[in-house]
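**Q** Residues per chain are reported as follows:
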Amino acid sequence: MIHRVTQGTPAQRKAGGFGHFLVLALATTLLLCFSRDAAADKNRTVQNNTRTSVNKNTNVNSNRNVNVNSNRHVDVDVDVDRGFHPVAAIATVAVTAAVIGSMTPSLPPSGCVPVMVGNVTYQQCGPNWYQPQYVGTSMQYVVVAPLR
Amino acid sequence: MSIPSIASLALRSLSFGGLVAASVLIAPHAAYAQAAAAEAPVRDAAVMKRLAEVGAFLRAQKHFAVKADAATDEVLLSGQKLQFASTVEYQVSSPDKLRASLRSDRKQRDYYFDGKTLTQVAPRNGYYASVPLPGTIGDALTEVAQRYDVEIPLADLFLWGTPKGGLDDVSSALLVGPARIGDVNADHFALRQPGVDWQVWVERGARALPLKVVITTTDNPAQPQYAATLKWDLKANPAASAFTYVPGKDAHRIELKPVAAAK
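Line by line, the protein sequences are chains A and B. Residue 33 in the numbering used here sits at position 33 of the first sequence, and the numbers go up by one each step. Residue 223 in the numbering used here sits at position 223 of the second sequence, and the numbers go up by one each step.
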């Protein structure tokens, strides 16, 4: 009898089967979403060279050889904070491993706390530590070795 | 009767087209010479004089505010163009105090420059960075662009009428004709120089103000444009406190990464 309860009634078993199917479908959808996001990421990368001043003195992009910021994601410049999280940025973070020294344009959507160490602002997001900095007018978060 | 006449007309125009094609083939050198004459840059002295007046008038204003409504093209790697709207508001106390507020769907930035320090603030997340940059507004905007890759739109407004005005770079200057921006009579000028074609609509009369600016980036095959319409307030007199950033309780100071040394 107890055995039967854990197995569930035929109706419950059917529902369980359907639940499994749902989970599978969801997982597949998620996988598809991520792979699509990776493709979309490429499709949404912008060249960073539209000039907003005539004067060449204020336009370094055209005559600079080293340009860390020459190509950026169309959503990179969204300031990710205070509950303002574009979906695209979340997807980008989810697939980015926190390699020390690497830069990411946005932090994980939740679980980050600002920490002051010395005179420097860091963001601690679980095991990963980030040092926010401006690269030009854009925010970039540099992954640093854990400080605690 | 009408149908054959149309057919004969078409035939005649075809043969005329053939004749033109033949004559072009026969005299290609003449065609080239004509095209070259049409493309020779014209640097209208009257246009350059009016642009110099714009610079002089701007530099003569001690205090003013200006708001620009802008549209900026962004080019995807595929070459597809997107357009983003933004506004930028400047409060100015010449020669060395500037407050600028940029607002777009993607980005919000505030700039404070008090003649000694330039501060970039992201008001939504409270991060700010300050760098020492002594000098005039034009000096500071040039330095911050070259040393930190921070480009503040329409920096020209603070460079025209100074030795860094850049009008010597103009290779072609044309008066397109009369125009109206809002209710104001203006002249529409078209200019070319390495890297950009640009257009400026200048108010007629003593107030030599740029009312609209369109900048086309010509070294990108997609030729993205930045277009801004400007609203001037020459009676504005911003308070001295407007130019110095005072960090709030939630503000965090961060670094502004210097541009890597060019090879």
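Calculated from the structure, these hints are not laboratory results. Quick caveat: nothing in here was measured; it's all calculated off a predicted structure. It cannot be assumed that every hint is accurate.
Derived EDC-like pairs (lysine to aspartate or glutamate); straight-line CA-CA distance at most 16 Å [unchecked claim]: (1) B/Lys-49 with B/Asp-219; (2) A/Lys-56 with B/Asp-219; (3) A/Lys-56 with B/Asp-187; (4) A/Lys-56 with B/Asp-169; (5) B/Lys-257 with B/Glu-151.
**Q** With reference to the structure, classify each hint as holding or not holding.
**A** Structure-based check of each hint:
no.: 1; hint: B/Lys-49 with B/Asp-219; in the structure: 27 Å, violated
no.: 2; hint: A/Lys-56 with B/Asp-219; in the structure: 13 Å, holds
no.: 3; hint: A/Lys-56 with B/Asp-187; in the structure: 24 Å, violated
no.: 4; hint: A/Lys-56 with B/Asp-169; in the structure: 9 Å, holds
no.: 5; hint: B/Lys-257 with B/Glu-151; in the structure: 14 Å, holds
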